[in-house]
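Colleague: Protein chains in written order, with full-length UniProt numbering: chain A, 1 to 235; chain B, 1 to 235; chain C, 1 to 235; chain D, 1 to 235; chain E, 1 to 235; chain F, 1 to 235; chain G, 1 to 235; chain H, 1 to 235.
Everything labelled a hint here was simulated from the structure, so no lab data went into it. Be careful, since some hints might not be right.
[To be verified] Straight line, CA to CA, 20 Å or less: simulated EDC-like cross-link-like pairs of lysine to aspartate or glutamate:
| hint | chain 1 | residue 1 | chain 2 | residue 2 |
| --- | --- | --- | --- | --- |
| 1 | G | K135 | H | E8 |
| 2 | G | K135 | G | D148 |
| 3 | B | K227 | B | D153 |
| 4 | C | K50 | D | D72 |
| 5 | F | K109 | F | D72 |
| 6 | E | K200 | F | E64 |
| 7 | E | K135 | G | D148 |
| 8 | B | K135 | A | E68 |
8 protein chains.
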Amino acid sequence: MYAVMPPEGVLESRLPNFRATRARVLAAPALGARFAQILLQIAADGGMEKPRCDSLQHFLYVVEGAAELVLDGATHRLTPGQYAYVPVACAFRLRAADGAATEVMWIQKPYQRLDGVAAPAPFVGDAANVAAVCKHTEGRTWQHLLPDELGFDFAVNILAFEPGNYFPMVETHVMEHGLYMLEGQGMYLLQDQWHECWAKDFIYMAPFCPQFFYATGWSRAAYLLYKDVNRDVAF
Amino acid sequence: MYAVMPPEGVLESRLPNFRATRARVLAAPALGARFAQILLQIAADGGMEKPRCDSLQHFLYVVEGAAELVLDGATHRLTPGQYAYVPVACAFRLRAADGAATEVMWIQKPYQRLDGVAAPAPFVGDAANVAAVCKHTEGRTWQHLLPDELGFDFAVNILAFEPGNYFPMVETHVMEHGLYMLEGQGMYLLQDQWHECWAKDFIYMAPFCPQFFYATGWSRAAYLLYKDVNRDVAF
Amino acid sequence: MYAVMPPEGVLESRLPNFRATRARVLAAPALGARFAQILLQIAADGGMEKPRCDSLQHFLYVVEGAAELVLDGATHRLTPGQYAYVPVACAFRLRAADGAATEVMWIQKPYQRLDGVAAPAPFVGDAANVAAVCKHTEGRTWQHLLPDELGFDFAVNILAFEPGNYFPMVETHVMEHGLYMLEGQGMYLLQDQWHECWAKDFIYMAPFCPQFFYATGWSRAAYLLYKDVNRDVAF
Amino acid sequence: MYAVMPPEGVLESRLPNFRATRARVLAAPALGARFAQILLQIAADGGMEKPRCDSLQHFLYVVEGAAELVLDGATHRLTPGQYAYVPVACAFRLRAADGAATEVMWIQKPYQRLDGVAAPAPFVGDAANVAAVCKHTEGRTWQHLLPDELGFDFAVNILAFEPGNYFPMVETHVMEHGLYMLEGQGMYLLQDQWHECWAKDFIYMAPFCPQFFYATGWSRAAYLLYKDVNRDVAF
Amino acid sequence: MYAVMPPEGVLESRLPNFRATRARVLAAPALGARFAQILLQIAADGGMEKPRCDSLQHFLYVVEGAAELVLDGATHRLTPGQYAYVPVACAFRLRAADGAATEVMWIQKPYQRLDGVAAPAPFVGDAANVAAVCKHTEGRTWQHLLPDELGFDFAVNILAFEPGNYFPMVETHVMEHGLYMLEGQGMYLLQDQWHECWAKDFIYMAPFCPQFFYATGWSRAAYLLYKDVNRDVAF
Amino acid sequence: MYAVMPPEGVLESRLPNFRATRARVLAAPALGARFAQILLQIAADGGMEKPRCDSLQHFLYVVEGAAELVLDGATHRLTPGQYAYVPVACAFRLRAADGAATEVMWIQKPYQRLDGVAAPAPFVGDAANVAAVCKHTEGRTWQHLLPDELGFDFAVNILAFEPGNYFPMVETHVMEHGLYMLEGQGMYLLQDQWHECWAKDFIYMAPFCPQFFYATGWSRAAYLLYKDVNRDVAF
Amino acid sequence: MYAVMPPEGVLESRLPNFRATRARVLAAPALGARFAQILLQIAADGGMEKPRCDSLQHFLYVVEGAAELVLDGATHRLTPGQYAYVPVACAFRLRAADGAATEVMWIQKPYQRLDGVAAPAPFVGDAANVAAVCKHTEGRTWQHLLPDELGFDFAVNILAFEPGNYFPMVETHVMEHGLYMLEGQGMYLLQDQWHECWAKDFIYMAPFCPQFFYATGWSRAAYLLYKDVNRDVAF
Amino acid sequence: MYAVMPPEGVLESRLPNFRATRARVLAAPALGARFAQILLQIAADGGMEKPRCDSLQHFLYVVEGAAELVLDGATHRLTPGQYAYVPVACAFRLRAADGAATEVMWIQKPYQRLDGVAAPAPFVGDAANVAAVCKHTEGRTWQHLLPDELGFDFAVNILAFEPGNYFPMVETHVMEHGLYMLEGQGMYLLQDQWHECWAKDFIYMAPFCPQFFYATGWSRAAYLLYKDVNRDVAF
């Protein structure tokens, strides 16, 4: 199962405890997902009306403009490519910074605790400082925005492809994905259908959805990819 | 996922605590919905045998004839276009009025409480008194039958289209819909299939079902539209 | 959603506490159903090894041969067309009678209690004694094997059609069905596909599955039809 | 519902408490299954970092190389075709043996207890010692790797077919399957689609998925088949 | 290849040399057919403006009202079920009779001459006088409106079915068909699609189109069936 | 059979004896059509290099700009909505007028002579002077650009629809169509597929292609429609 | 394009100049083929009423019983597997031999003459005397019933497969095929659909129809295969 | 209509008047094409046995090895990328050169004469000397192997794409294509299906087949493209 969503069709929702903020809900348990992914379009005077502290993990990635994040007591100004990880039960508050609008990708996920492994601490990062690894063939790179530690039960990566590049095979795996096109364009094979996609499209891929990608166009394609990792199969 | 149901095919159910009433169940959790929608066809001597007071919210909209509603101790006579909102744990009793048959659309939904926000009080309204807002292009209007307040976790709107009118894009969103055609006709795109629909058809649209509408025919098309709103993504 | 199952393809299961009995499981929660339906093929010396008394309702309908049923202390010999209703927490034991093999259709369902209405008592019936009602057009009849009382939360009917007969419209409704062809043949429209079916086929129809039937062939067609009734929409 | 997975597309997962081990998750509740099936590719120095003792049953079948299994205190060296059954709450530890890589198929399942029947004890077996039964027609054989006892709530069998052989009918049944092709090739009919498959492919078949197989090629085809058995329908 | 045409959708054509006549062209070489079939709806003062004498064979069957046919010098008054065969180069003229409208089915076909066999002479017949043959199973009959002689290169038959009756198998053959439903209703399998059809529908079936029929409803179904016969394969 | 062609995808062809003219071939015998339809995009200095006189009929309709037509010795200046009919073997020459580009729709068809009826003479017309006939329901009009005479073997009509209007039924008929959207938009049902279309789209409909139209949008929809008429079925 | 025809559905035709003979036309130009293929079922007293001498080539292969063939003046008694080639303009006459019924496969084809190459002479052959060539992999053999000479413009081969055998790739080629299953069974991939086939099925494959075969079952599969060869592409 | 043919599936044909040559027929009138395209695989001692002079135009393009072409009396040695045009009624003879195998793409087409324009003369060319034109966007080039003159009624072009490049729109046009992938890979949209293709694949596209291409992979993609041009629509 999967869903391809061009941005113009994702109607806005209003979320409680936010002001002047349009929320585009891209993935949610109502779609079968075990996480939520929301694009927040925050006006100059918008954002969370008060700090939030709940039983979910949160991942915040700035897409446009600048956001002010109060996290665990400290205040951060985040610009495009910068991001934050918020563990369970950790207070945070997100607002537009600089008196200007901002756009933030927000991922929410319950945490699967692992015996003997500490839960991760909150932190702020910058994709600009994350090495781009070229694992297999030339022209495709991975950036792992979260540390490769067992404490994390999900990963968020930026995958980038030179025009024409593609995966070595059709993948089918237990991990589910939220994919947000950051730049460029391509052809996605999902189950047994081809879909053209462009920057700002969102794709949800359920566990075991066959998937494959060709980057197309005149410039590199890149996307932000959520996946769940590092845990035993849940019953 | 979605379902299109012409009225003649929706077999009647018998509900407990009703007399002389045919219930056409249009949406229910058995279909995957998080609400229920039922068309009640109440004979002259029919309706609820006793007041009902349960753990659900209720919305009642009179489609034909006149209904007598006892709500929170007061008695109302409701005619087509008039409606009532019944919060959780509030007693109400619905019967045919005037010794004649009536038809009432009934929506049921569990309530998602919001910290710091009071649950709405019961009330009675009349679509004839609700302003028709023209948000985007000429020829399409919205009537919001429930107040635009955070206390409500669902909305019921009447959308009306002049012949030929349509939405500006295919929509895909987290909200689910129960749609009851009040008048006119049109073409509905659901997922990737076109469906012709006419007055009295019902359509269920699951969360993230792509959707689009063209009004057709010689007169305006209008439908009563349920959607869930104002809450965080539920896990 | 629906499933059509010709008899030769339904592999046998072995059930605990049975001896010399092949169980053909036709519907089960694993298929999404809220009931189970099992064809028991009991050898001459087979059947339940001891009385069963559990938290489900049971309906037993003899298809071939003769069965011995101990129900609530009394012993019954049931032949084709005879049946029994077993309420929750009522002991019963089913075995082949007369030292010969028998075939029994077994329906299981959790009970949805109704405030102020007593649960039904166990009883034994015979389709031969149940009036065949002709509700709409000539050539189609209904036999209601269970009393038309609110205490029952499901119904089991025998519908019979003269060759060529059909329903007046495509039906779509909240009730789910287990359908066992008793005799004859026909064409079933399910969702948007036509299926030919013959005596001994089984069809599962999920809630809101569009459905329609044409009887065909040289003799009448009849089927045993389970449906859930008489209860409010469950959340 | 079903899924066909060629091996090259099943991405590896990292499981907690394993070292130097790639886990290919083939079936899991995220796919709708009520069991999990994982191909472990264990490097020479890899395997479980400590004994595991949990609330699941485990079945381990060596596909390549040799594995060292500590089970209930005893140490076993298992080679291809050898396998172990581990009941609930029984400690075991799996590692590569002989300082060389190994490949082990791992099945996990919650246990459905049966009143009055003891749960099975742990044991180690060898497919080479299990009789190949020819039940119906010549050229097809079954090996039952687990004893045919009611205590077991699942079975694992090796089915083998001479070239050209096939089942006598399309099967549709309540049991779900995890199928791992051990050798040869064939055509699988699943629902209403034909799929070619070869050694090392994995197929998940949900309950009531219609299924049929033709062995093709120049040599016999064989697969390892999981199914759930011996229990009442679960509500 | 085939085409199913309900009568309301077959737009009228105007044919040269006719007056006050609507022609519904049902089959023609433009559809791939090697014959033409036209329903003539002739007003009270309508019909052919002059005798016609061309290089085609003609078959005329009165469906409604009464027609006046001048054939080979003689004048005939034809009523429903009466018909005429007109060989190549034989003059005829068709008009409404009795000053009232009439409906006539008209088949046109080039003639394939056979060495040593005389072409048929013109004649007039009446279906009421043609024996209904029951070839295979009870409840299905054939009437052969043309003599069973090698001189004819096509046949026109009336097939009638009691409700529920059907063919013994799916047929695939070199003959092409024009089928006009005279009464009743049924389900036609064409290629791999089921089509419901009723009196007055027309179906074109190309050579080698797989075909099958179930009669449905409360009364017998009958159709007028054209097919080409008695000739060697044409190159 | 049918084909829907948005204008941007119809590549230009170069035709002999034209200069500075891009020809968009929309229908041709290579598509199975028995006529040709070509959109000529003629530059300011472009058009036919010399008079053309051939064995085809021609119909020329100016879509944009102004065209100079020398027809049968006379020179005409044609502006949008003006058109000319050119019979077989009649010389004509088409060029851009006024030193500016023009766009002309060109239909070509062999002529089917009718015994005793004279072939039409050349003429020039103007859609602005052709009455708009409202045949059936309000809001739909026909303009017949060619005289309703038996001499013509094809017709060219302008059909216009108020928003929401539609045909009374799905049509299936022997006539083939070339349809050029002049203004507005709509939904076309062709065979069993819905197609959205807008001004400047072209649709080819083969004989017996089922067809239906809903006008949509905020303004009237109109198209130029070719069809073949007035002749016996051709063998 | 292709067609699969099980034998029971191929209605019989009556051919001129035959007596007591049912002709099952399997391929013909009406299907798009450039040859004809007919199964003749000749009763004990049946066959050609007189010698035939026409402008076609003929190939006759006895399937069952014994046939008497008068060819070019000589009389032959042909039994299953024996066959005859009849060139253009060569007289022959086929009848049942021995006063018993016979079944003969008959192929007809116009001849494409080749400059400088003599047309083949008539001859009679026996498949039992034709070497079975194993060209590629073990378990598949070819028998070429006609000499491998340029004079022939078609070939007829018997291909045989051990169970499980298959072609090395999906073939797509300019040659067309008439395929008659002589024995065994298999799975045929045609275009993109799988078809099960058994002895006596016929398959027509048009030029460039993708094709592939798996033999299945317990015994070898074999078919008689027509193809056109040895000529330049025809315009 | 279209056909995609990977090279391994195109069976070889034997052509008259050739020796030691395998012909892979890729397009032919039997596929509906108005031209033929054949890949000749000529062994060291193979080729035409004598000069050929017929009523077709010929285009010869060397793909591998070296070919000796005697054309209009002169002898040419052609290597990969070199080609020849042979007009109607012009003698030529093609053989392997240098005592080594060669591969030549051969296109055949009847000639459509144009009044007042001379037919082209034979000539030999070299793609290496043909300018690569970049018409629209960067990264895509055209090489026109034949002169852009009205005398030619077909064109053969080499189109090359940098990875990721694509056409600006889906094309639908009257021209038919034979496309031979020379290098690289890509995704072809044909009608409404996506096809992956690689070097050596062949695609036939009928007139009016919708078409679109994305180049993919790590290196440029190029193909040899036949199309018919410069003529009036043919009736």
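Colleague: Mind listing which of the numbered hints don't hold for this structure, in increasing order?
Modeller: 4, 6, 7 and 8
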